[in-house]
Amino acid sequence: MPSAFDNLIYGLGVALTPAHLTIAFVGLILGTAIGVLPGLGGTNGVALLLPLTFHLTPTAAIILLASVYWGSLFGGAITSILFNIPGEPWSVATTFDGHPLAQQGKPGIALTAAFTSSFIGAAVSIVLFTFFAPPLAEWALKFGPPENFAVLLLAFATFTGLGGGDPAKTLFMTLLGLLLSTVGFDIVSGAPRMNFGLVSLQSGINFIVIAIGLFGLGEIFLTVEEGLRLRGVRGRIGFRDLWETWKMFPRYWATLIRATILGFWIGVLPGTGATPASFMSYGLAKQFSKNPDRFGKGEVEGVIAPETAAHAAGIGALLPMVTLGIPGSPTAAVMLAGFFIWGLNPGALLFQNNREFIWGLIGSMYVANVLGVILVLTLVPLFAAINRIPFGILAPLIVILSSIGAYAVNNQVLDLWIMLGSGVMGYVFKKLKYPLAPLVVALVLGDMTEQALRQSLIMGQGSPTIFFTRPITLAFVLASIFLLLLPLIRSYRRRPRLPAPAI
Amino acid sequence: MYRADAVFAVLLLLGALVLILQALKLPVAWTEIGPGTGFFPFWLTVGVALHAALILVQSLRAPVPPGRAAPFIERESVRPLLVVFLPMVAVIGMLRYLGIYIGGGLYLAGYMIFVGRQRWVTVSLVSILLPVTLFFIFERWFLLLMPKGALLEYLLYGR
Numbered sequence: 030m031p032s033a034f035d036n037l038i039y040g041l042g043v044a045l046t047p048a049h050l051t052i053a054f055v056g057l058i059l060g061t062a063i064g065v066l067p068g069l070g071g072t073n074g075v076a077l078l079l080p081l082t083f084h085l086t087p088t089a090a091i092i093l094l095a096s097v098y099w100g101s102l103f104g105g106a107i108t109s110i111l112f113n114i115p116g117e118p119w120s121v122a123t124t125f126d127g128h129p130l131a132q133q134g135k136p137g138i139a140l141t142a143a144f145t146s147s148f149i150g151a152a153v154s155i156v157l158f159t160f161f162a163p164p165l166a167e168w169a170l171k172f173g174p175p176e177n178f179a180v181l182l183l184a185f186a187t188f189t190g191l192g193g194g195d196p197a198k199t200l201f202m203t204l205l206g207l208l209l210s211t212v213g214f215d216i217v218s219g220a221p222r223m224n225f226g227l228v229s230l231q232s233g234i235n236f237i238v239i240a241i242g243l244f245g246l247g248e249i250f251l252t253v254e255e256g257l258r259l260r261g262v263r264g265r266i267g268f269r270d271l272w273e274t275w276k277m278f279p280r281y282w283a284t285l286i287r288a289t290i291l292g293f294w295i296g297v298l299p300g301t302g303a304t305p306a307s308f309m310s311y312g313l314a315k316q317f318s319k320n321p322d323r324f325g326k327g328e329v330e331g332v333i334a335p336e337t338a339a340h341a342a343g344i345g346a347l348l349p350m351v352t353l354g355i356p357g358s359p360t361a362a363v364m365l366a367g368f369f370i371w372g373l374n375p376g377a378l379l380f381q382n383n384r385e386f387i388w389g390l391i392g393s394m395y396v397a398n399v400l401g402v403i404l405v406l407t408l409v410p411l412f413a414a415i416n417r418i419p420f421g422i423l424a425p426l427i428v429i430l431s432s433i434g435a436y437a438v439n440n441q442v443l444d445l446w447i448m449l450g451s452g453v454m455g456y457v458f459k460k461l462k463y464p465l466a467p468l469v470v471a472l473v474l475g476d477m478t479e480q481a482l483r484q485s486l487i488m489g490q491g492s493p494t495i496f497f498t499r500p501i502t503l504a505f506v507l508a509s510i511f512l513l514l515l516p517l518i519r520s521y522r523r524r525p526r527l528p529a530p531a532i
Numbered sequence: 030m031y032r033a034d035a036v037f038a039v040l041l042l043l044g045a046l047v048l049i050l051q052a053l054k055l056p057v058a059w060t061e062i063g064p065g066t067g068f069f070p071f072w073l074t075v076g077v078a079l080h081a082a083l084i085l086v087q088s089l090r091a092p093v094p095p096g097r098a099a100p101f102i103e104r105e106s107v108r109p110l111l112v113v114f115l116p117m118v119a120v121i122g123m124l125r126y127l128g129i130y131i132g133g134g135l136y137l138a139g140y141m142i143f144v145g146r147q148r149w150v151t152v153s154l155v156s157i158l159l160p161v162t163l164f165f166i167f168e169r170w171f172l173l174l175m176p177k178g179a180l181l182e183y184l185l186y187g188r
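Just so you know, the protein sequences line up as chains A and B, in that order.
The numbering used here puts the first residue of the first sequence at 30, with every later residue one more than the last.
The numbering used here puts the first residue of the second sequence at 30, with every later residue one more than the last.
Honestly, the hints are just simulated from the structure, not real lab data.
Don't be surprised by glycine CBs; every beta carbon is placed ideally from N, CA and C.
Heads up, none of these hints are tricks.
Some chain A residues close to chain B (C-beta under 8 Å, calculated; not the full set):
id	residue
1	Ser-218
2	Gly-421
3	Leu-426
4	Ser-432
5	Ile-433
6	Tyr-436
7	Leu-461
8	Glu-479
Counterexamples of contact, computed for chain A against chain B with all Cβ distances above 10 Å:
id	residue
9	Tyr-39
10	Trp-168
11	Phe-172
12	Val-228
13	Arg-323
14	Trp-371
15	Arg-384
16	Val-402
17	Leu-411
18	Ala-414
19	Ile-415
20	Arg-519
Just some of the chain A residues that point at chain B, by a computed CB distance under 8 Å:
id	residue
21	Phe-250
22	Val-442
23	Ile-487
I would like the entire structure built from these sequences, with the hints used as guidance.
Shown next, in the form of structure tokens:
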């Protein structure tokens with residue numbers, strides 16, 4: 030078997046073909062625009078583009094979606110710094126110090142710091158990814174149904190333990206997501222079920238439709254309600270900004286290392302993703318800083334910490350997805366849904382059977398990250414100008430694009446109603462602080478979870494002791510129980526909650 | 030806000046009970062193929078119901094914030110929300126006749142006039158050019174067939 034290094038060279042070759050390079054370029058531009066636009070997020074953006082990939086090869090498709098994802102990670106910072114409006118949930122923490130810096134007449138420094146630290150966080154994480162993924166996948170190949178179920182359990186428990194939302198609401202959303210996945214027909218026996226006698230529900234509730242509703246329309250409703258007023262600082266990056274900012278970077282080496290490791294780890298944990306990573310990293314940087322009172326008033330370190338962690342988490346989130354088939358963030362969940370549509374089985378077998386796909390993806394991470402940072406550094410004024418599109422045009426446009434995206438998945442009008450319904454639900458859920466990520470991830474993992482559970486029970490002749498007698502399974506189950514109990518322990522000790530909002 | 034929380038939890042609980050009944054129509058217990066078709070959905074519905082109940086209890090026990098509780102939706106936000114939402118219902122409802130391109134164009138125009146308060150030139154340019162662009166992107170370039178609706182079918186193909 031070729032070494033990881035050989036594979037990487039091969040993957041870079043795949044990513045650097047003119048066709049794939051063009052796709053990465055288009056994806057990055059689209060992604061950055063999506064990241065800049067309030068009301069249109071990375072998760073929704075990837076979901077909207079998914080139908081467009083039906084006619085591409087799987088490798089081209091994943092490169093497109095991944096580039097959109099990287100682009101949206103970059104784009105979120107632009108609006109945060111210049112307009113004080115986070116384009117993405119993971120760039121909320123960037124507003125704290127990024128916008129004050131811009132107001133003090135240093136938008137170039139804030140932007141350069143954000144992009145450079147994003148680049149560093151991503152670059153280090155990609156290297157970690159390259160060398161962690163293959164052995165992890167190989168290990169996961171030995172998993173049987175009980176191990177698979179235990180890993181999934183761990184993923185769901187992570188939401189409750191570390192998601193930062195209300196534990197009861199988090200568990201509710203996880204179970205609801207799993208429940209929605211059972212609508213349609215039984216994956217084992219093929220019998221119809223939970224469809225209320227509706228024939229159009231027999232093919233199941235499509236995950237993409239729900240994601241577009243929850244994240245796309247829900248977000249539009251919230252933005253419309255709050256009313257959007259943009260008063261921004263004009264920003265461009267000159268050579269002096271680059272020089273001045275980069276000169277400061279060595280000083281923050283400790284923050285960079287801390288934020289990268291934290292971000293990558295949070296990203297790898299299933300279901301958490303870039304948003305909590307950015308908040309935790311900001312909090313940590315402030316705690317470790319010699320002058321914490323400067324945070325929130327335009328401290329460069331307050332931009333570096335969340336941006337590094339967010340990008341590291343974005344990369345980390347793909348690790349459990351390609352190795353175990355478990356998405357580490359809602360956006361990754363949408364990509365995972367794409368795997369099924371393109372006819373690929375996510376998980377360990379990808380490394381054996383789809384070398385071009387998986388190493389093309391990894392190669393494109395390197396390429397897209399370099400390309401991305403050059404693009405955003407040079408094109409900031411252009412991307413910032415996107416925000417001059419009046420919301421009165423933007424809102425209906427997003428609604429139309431969402432409808433097209435939702436319809437294209439299955440070509441049925443019922444899906445538009447489901448999208449509208451989940452849009453309303455998404456709005457209410459968000460307002461009442463129900464976390465959306467667990468629902469989305471659970472919905473996409475539902476079939477896999479049910480299959481693993483039922484096969485395990487058959488293996489154990491109906492007895493759940495099978496989950497406690499196999500060592501790997503037992504370890505995962507114990508870790509899950511600990512995570513599920515963590516909120517109780519925490520409230521008992523009355524420690525302050527994590528500073529992350531529900532995602 | 031806490032009252033909205035409680036009301037919503039009651040609704041979720043009711044929904045969960047309906048789903049339990051739906052799941053009970055299936056074989057829940059052990060069958061010859063292992064756990065029955067309804068095994069997984071049934072226990073999930075039970076879990077969903079229990080957590081909805083837990084959320085309800087939590088919201089009832091939460092301390093009431095002092096002063097007048099803020100309404101779930103502020104009075105002045107109701108109109109903008111309905112202006113986005115109701116036309117969507119109308120357009121999706123009439124999709125069979127209008128299709129996504131004409132329906133979408135009308136939606137765009139309506140929103141730009143009544144909410145965006147754009148000039149007529151902008152409105153007509155955007156609400157005509159955008160659906161046309163989308164038409165070419167999806168129908169021609171990516172070969173994704175969208176519902177074109179009776180009207181557009183007639184205009185394009187005369188049927």
